[in-house]
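Q: Chain by chain, the residues:
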Amino acid sequence: MQLVQVLSIIVSALIFLFVIELIRRGAFKEKYALLWLLASVVLLVLSIWRRLLDYLALMFGFFYPPSFLFLLGFGFLLLITLHFSIVISNLSEKNKKLTQELGLIREEIDRIKKAGKF
Amino acid sequence: MKILVVIPAYNESENISDVIDDLRQDFPQGDSLIINDGSEDETSSVARSLDCRVIDLPYNIGIGGSVQTGIIYAIRENFDVVVQFDGDGQHIAMEIEKILAPVSEGADIVIGSRFLGGNRYTSSIIRKMGITIFARIMSLICGQKLTDTTSGFRAYGRKAIDLFSDYYPEDYPEVEALILAHKNNLIIREVPAAMRQRIKGKSSITPLRSIYYMVKVLLAVFVDILKK
Chain Y
1 MQLVQVLSII VSALIFLFVI ELIRRGAFKE KYALLWLLAS VVLLVLSIWR RLLDYLALMF
61 GFFYPPSFLF LLGFGFLLLI TLHFSIVISN LSEKNKKLTQ ELGLIREEID RIKKAGKF
Chain R
1 MKILVVIPAY NESENISDVI DDLRQDFPQG DSLIINDGSE DETSSVARSL DCRVIDLPYN
61 IGIGGSVQTG IIYAIRENFD VVVQFDGDGQ HIAMEIEKIL APVSEGADIV IGSRFLGGNR
121 YTSSIIRKMG ITIFARIMSL ICGQKLTDTT SGFRAYGRKA IDLFSDYYPE DYPEVEALIL
181 AHKNNLIIRE VPAAMRQRIK GKSSITPLRS IYYMVKVLLA VFVDILKK
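Chains Y and R, in that order, are what the protein sequence lines are. The working numbering applies: residue 1 is where the first sequence begins, and numbers increase by one. The working numbering applies: residue 1 is where the second sequence begins, and numbers increase by one.
Isolated chain Y, as found in the complex:
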């Protein structure tokens, strides 16, 4: 077994275990864990199953199979950050709506108080 394979098995195993532990602790919702889980499983499988990696890498024209692993990792990170951008945009929109509603409700309460109906 080459050193590079040992290294990639260790790294992807660590990522996988870390993701599992975070899910177990409820650190993130399952929805967000899904992509991480998928990424770590795929990387782990391809690190252990060298022949599958060689086969896939060759199919895509990679002469050095481990670099295919890097590309996959990069692709997953890209997907995950893209997912985050969408989630953040959603959250900030919801946050704005809440803020507006809070301002509107406070104004209404102030008016009711002033009118002495409270």
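In case anyone wonders, no lab produced these hints; they're calculated from the structure. Treat the hints with care, as some may be off.
[Said to hold, decoys possible] Across the chosen pairs, the derived CB separations fall in these ranges:
hint: 1; chain 1: R; residue 1: Leu219; chain 2: Y; residue 2: Leu77; range: 51 to 61 angstroms
hint: 2; chain 1: Y; residue 1: Phe60; chain 2: R; residue 2: Leu219; range: 51 to 61 angstroms
hint: 3; chain 1: Y; residue 1: Thr81; chain 2: R; residue 2: Leu226; range: 50 to 60 angstroms
hint: 4; chain 1: R; residue 1: Asp166; chain 2: Y; residue 2: Leu7; range: 51 to 61 angstroms
[Stated by the list, open to error] Below, a list of computed lysine to aspartate or glutamate pairs in the EDC-like style, where the Cα atoms sit at most 16 angstroms apart:
hint: 5; chain 1: Y; residue 1: Lys94; chain 2: R; residue 2: Asp51
hint: 6; chain 1: Y; residue 1: Lys96; chain 2: R; residue 2: Asp80
hint: 7; chain 1: Y; residue 1: Lys96; chain 2: R; residue 2: Glu170
hint: 8; chain 1: Y; residue 1: Lys96; chain 2: R; residue 2: Asp166
hint: 9; chain 1: R; residue 1: Lys2; chain 2: R; residue 2: Asp80
hint: 10; chain 1: Y; residue 1: Lys97; chain 2: R; residue 2: Asp166
Backbone N, C-alpha and C define an ideal beta-carbon position, used for all residues, glycine too.
Chain Y is already provided as a structure; the job is to place chain R on it using the hints.
A: Just chain R now, kept in the frame of chain Y:
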């Protein structure tokens, strides 16, 4: 016709009471609503000491979100027209009638333009350039001559109010709002309106920000065209 004057204010404690005075004197037929956009200065307490409606937003959500808050308020309180009026004192209450007239004639959005009807408005070269570029682009997109698309002195009729309560652009909303309006077949009109130069306090737009503004709005315009 019930008219709501929406006054977005961010750190305008020095100007806001003059603005309300101006409105009380020259436009008493409208209700004034100050939207304090999470100011760090005394804007909130000054606004509350004045005889007008005040909404305090818990933190700064930007001019777009502030104006939209006013628009939502207008719907809930059954106003027919929203006038957007800056909290920094550059808009003139006596000019409001001019932008209201086309609304009663059926226009949905009326812009008070600094450049129509022989108005003189001096500004930095960069700002003027930006204003001209946007006017050209927007005229092209909307298929009608527009001269002051970045002007924040506007009147919104019922249709515009309904549209913008659902979605109103955030950071630099003036230009984008027009695209949205055009896409939804609203009638846009421009009328000449005089404006003051800023008296107290600093404008939020510095030269560097002007450039950022231009790039950002151009991008937003592009995105808006792409959106269905």
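Q: Failing hints, ascending?
A: 1, 2, 3, 5 and 6
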